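Keeping their order, the protein sequence lines are chains A, B and C. Going by my numbering, the letters in the first sequence line up with residues 1 to 345, in that order. Going by my numbering, the letters in the second sequence line up with residues 1 to 265, in that order. Going by my numbering, the letters in the third sequence line up with residues 1 to 347, in that order.
Because the hints were derived from the structure by calculation, they are not lab data. These figures come from a predicted structure and were not determined experimentally. A hint or two may mislead.
As the list claims (entries may be wrong) - Counterexamples of contact, computed for chain A against chain C with all Cβ distances above 12 Å:
hint	residue
1	Arg55
2	Lys80
3	Ala106
4	Leu150
5	Gln194
6	Asp220
7	Ser234
8	Asn235
9	Lys317
10	Leu331
11	Lys333
12	Lys342
Claimed, not checked - Computed footprint of chain C on chain A, listed as stretches where at least three residues anywhere in the stretch have a Cβ under 8 Å from a Cβ of chain C:
hint	region
13	108 to 118
14	178 to 190
The beta carbon of each residue, even a glycine, is placed where N, CA and C say it ideally should be.
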Amino acid sequence: MSKVTTGKGGHMSKVTRIGRRMSRREFLGVASAGAGVVFLGACGGGQGGGGESYRLTLIVGVTGDEFYTTMECGAEAAAKELGVDLNVQGPEEFSAAEQTPILNAAIQANPDAILIAPTDVTAMVAPIQSAVNQDITVVLVDTTIKKEELALAGISSDNVKGGMLAGEALAKQIGEKGKVMVISVKPGISTTDQRQQGFEEAIKKYPNIEYLGTEYCNDDPTQAASITTSTLRSNPDLKGIFGANLFSGQGAGTGLQQAGKEEEVSVVAFDASPTQVEDLRRGRLDALIAQHPNDIGDKGVRIAVDYLKTDKEPASKQITTGFTTVTRENLDKPEVKEYLYKAEC
Amino acid sequence: MHENESGGGPEGDGPVLRVRGIDKSFGALQALKGVDLEVRGREVVALIGDNGAGKSTLINVLTGVLEPDSGEIVFEGERVEFTSPHDARERGIETVYQDLAVAPQLDAVANIFLGRERRRTGLLGRLGVLDQQRMRRETDEQLEELHVRIPDPTKPLSTFSGGQRQGAAVARAVMWASKIVIMDEPTAALGVAQAGMVLDLVRRVRETGIPVVFISHNMPQVFDVADRVVVLRLGEVVAELDPEKASTEDAVAAMTGSLRGEESA
Amino acid sequence: MADNKTGQGESRARRRLAIPGFGSAFIFVILAGLVVAFSIMEGTAFLSAENFVTIAEDGSELLLLAVGVTFVIITAGIDLSVGSILVLSSVIAAQTMVALSGTPEQVHNFQFPNQGVGIPVGIAAGLLVGLACGLINGLLVTKLKLTPFIVTLGTLGIFLGTAEILSGGTNVPYVPTAVQTSIGTRNLLGFLPVPIAIGLVVVILAMLTLHLTQFGRYTYAIGSNADAARRVGIDVERHLLKVYTLSGFLAGLAGIIDLARFNTASVGAHTLDNLAAISAVVIGGTSLFGGIGTIVGSVVGTFIPAVLRNGFVIGGVQPFWQEVAIGIVLILAVFIDQRRRSAEERM
């Protein structure tokens, strides 16, 4: 009988071969991972020539939000004009727990200035303090923090005024009478709280308008839509909704469409993202209060660079930017069009 | 654990385990009908029968997985009731199930001591800290004594072949059994060489005085190692054969029903 | 059963980078590779003690979640509710602190005369909530016999909803700042942030428990073959109850740390923490099928995405690329680890 090697012998050598091949694969895996990292770093990176030009980092509130994207565009244009380096970062979720690691990493890169839209008025104080402690100039854009004196300056829309504009626009839309409500993000965000405040002040002036109150959608358009549909069920005679930020307004529009009530209910939304503009065209929304995030980004960069160059603090530490009320009628006029938000620069 | 006894099982000459008149039904299906069975010290009993004859059900009754509808179980002269496998194990009855009941991601030492881990003494032990060195040592000793070769007791069983895993499962039962070892198809998935080793192990267990009951479909192996062959058919014991005197054809005939009554010519 | 022991020994040495209790060393290699790559590209901006301490501190909450979830996943279960437990614990802890540290007027003026009582009781309350939530998960899994995925998907909503009801959807204001100064931003011995110290202690205890004790062994056994464990007499249900309770407790502890770091309970945050924790555990080499895993692996798995994000932000990489990179690393790490494992098993 021929000496047949047992299964064990055959198994052993097969396993050994796989073992050796695996080590080569492992090495390739590490090498490609490392190469990928280096590649991404190189092409996505903004670590410019260094030397003379200042380095700025902009940290937005949440990525993927066209308000912040437009702000980014304005900031980048200003940076280019002034010849400074701009690195834009932001968390995936509008929360301090997500934004803090990004801010901390940005601090490590030791930029000359950080522009930041803080995601919580209390929670971001400590991390921003640590940036200031390291001699990094901080400019607050859009939102603010409790200890705002930490920053060189704060640039935002006058959100109370914006809310008032929204209130008046909505009142006009519904013929100054009927039930209205506000859909906001969550309490504690300076900007949306102020808009709510302004709106409430404005509609107080109209005796025939009944204010149902404010609901919070947590910056989730799906939640805003369901708030809308459920409010309609308990208040079928609802006449107007004010969406206090981009996602709130978007969601309200969707909710109305789902309930088939686009014609009967007027919506005034804050912000003018491409989706909102579409909704406006199609009649799901009736007016948009567009902020000027482009200006916020632009001014933020200029103020920071001015200070870095001249060491002189700005004349005013609180800078407000304006609004544009957008309706179906004026939507395509050039002076309105330039303030519509961009999805990319 | 298993100590190398040269004495017999219980005191006196009674059987280690005896069941009488065991009935077990599942709904309308009667799986066991008036089964009588004895297991005496120092013997190997093979339980054979066609599919559906009731072999696994009987094993489950003997090991406490199932409770019989009627009948009695007498263990070492004492009437007992097994309400769970735990009860049977407490009495020193260890089982190797057909699906092995091992944790493949754990190594042989861990599997062998599963549920019976040795802890360190003192405070550490009360916190649950395991005495891994002691377990490793005891495993090595016991495997040595039983002539069982597991390639590496510290590697996960999943890295072993099916046969080696079976070896570990059998070793576990044998190491802990103090009264009876029961095996359900212990050589089913094994090659010739490995099956031979399991059968050798069965013989060694018998030598220590502990009886072994095993289910098998493999006639040559059954006749090779068993002292008695009990044939089940449709839930009843239809024959008890002496493998020295009967033939495999007789066994098959009893299994399939072409022979009735006891044949021990 | 006799085997060619020498032949096997050779290939074993060649194949295995594993160290007992440390699992596959491959993910260390990836983490080290990333550190080296970023250090080369970014110099001392990345490669500094300060940066590493920051990374560790920012990752301290996720680390606790990952440790807890490691135990659960080793039992072949899963816990999707950890982020919600974190939030609920921090809300209840915060509200307790606010309620007990002074009268409403005092507290609204940022005076906290009774914070010596308020803060410890608040912390205890938060930890108890974590424990209770974990217990609820465990009971639902063992008594209702529903799959852990479904149970914890449900409790994810229940716990978060409860937190939102209790807090009105707001971040809890007026939390005594002493919480932040004495825990959140405090450094022990002048250099070790308290959150990191807590994380270290938890990691060490978890390692000891998982690899040296009966509790750890039963965790592996149940994940490997729960039925076998039952048959040898292990009380599987009772053990699972303990495992889920542990996961909940650690999530509660993470909630306390979150409260301490930010001086508020952040209700709208942590929505993706459960996925981040599970990713960390899986990157670390723990198998979703149960029976395999290490704490050290989960630690490394927590910090691979953290290092990636940190390195990319410092390097100025656009945020969306960061997510792509993290996803790729996750898949790569799991793929390679699985291949090695099946090579080991294929005999």
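Quick rundown of the hints versus the structure:
1. Arg55: A/Arg55 is in fact no farther than 12 Å from some Cβ atom of chain C, at 9 Å.
2. Lys80: A/Lys80 is indeed farther than 12 Å from all Cβ atoms of chain C, at 15 Å.
3. Ala106: At roughly 6 Å from the nearest Cβ of chain C, A/Ala106 sits no farther out than 12 Å, so the non-interface label is violated.
4. Leu150: 15 Å, holds
5. Gln194: The assertion about A/Gln194 holds, with a minimum of 16 Å to chain C.
6. Asp220: Violated, because the least Cβ-Cβ distance between A/Asp220 and chain C comes to about 9 Å, which does not exceed 12 Å.
7. Ser234: The claim stands: A/Ser234 keeps its Cβ more than 12 Å from every Cβ of chain C (closest is about 19 Å).
8. Asn235: Correct as stated: the minimum Cβ-Cβ distance to chain C is 20 Å, above 12 Å.
9. Lys317: The assertion about A/Lys317 holds, with a minimum of 23 Å to chain C.
10. Leu331: 30 Å, holds
11. Lys333: 33 Å, holds
12. Lys342: 16 Å, holds
13. 108 to 118: Our answer is that it holds, as 3 residues pass the Cβ test (under 8 Å) against chain C, meeting three.
14. 178 to 190: holds (count 3)
In the structure shown, a violation is registered for the earlier hints numbered 1, 3, 6, in ascending order.
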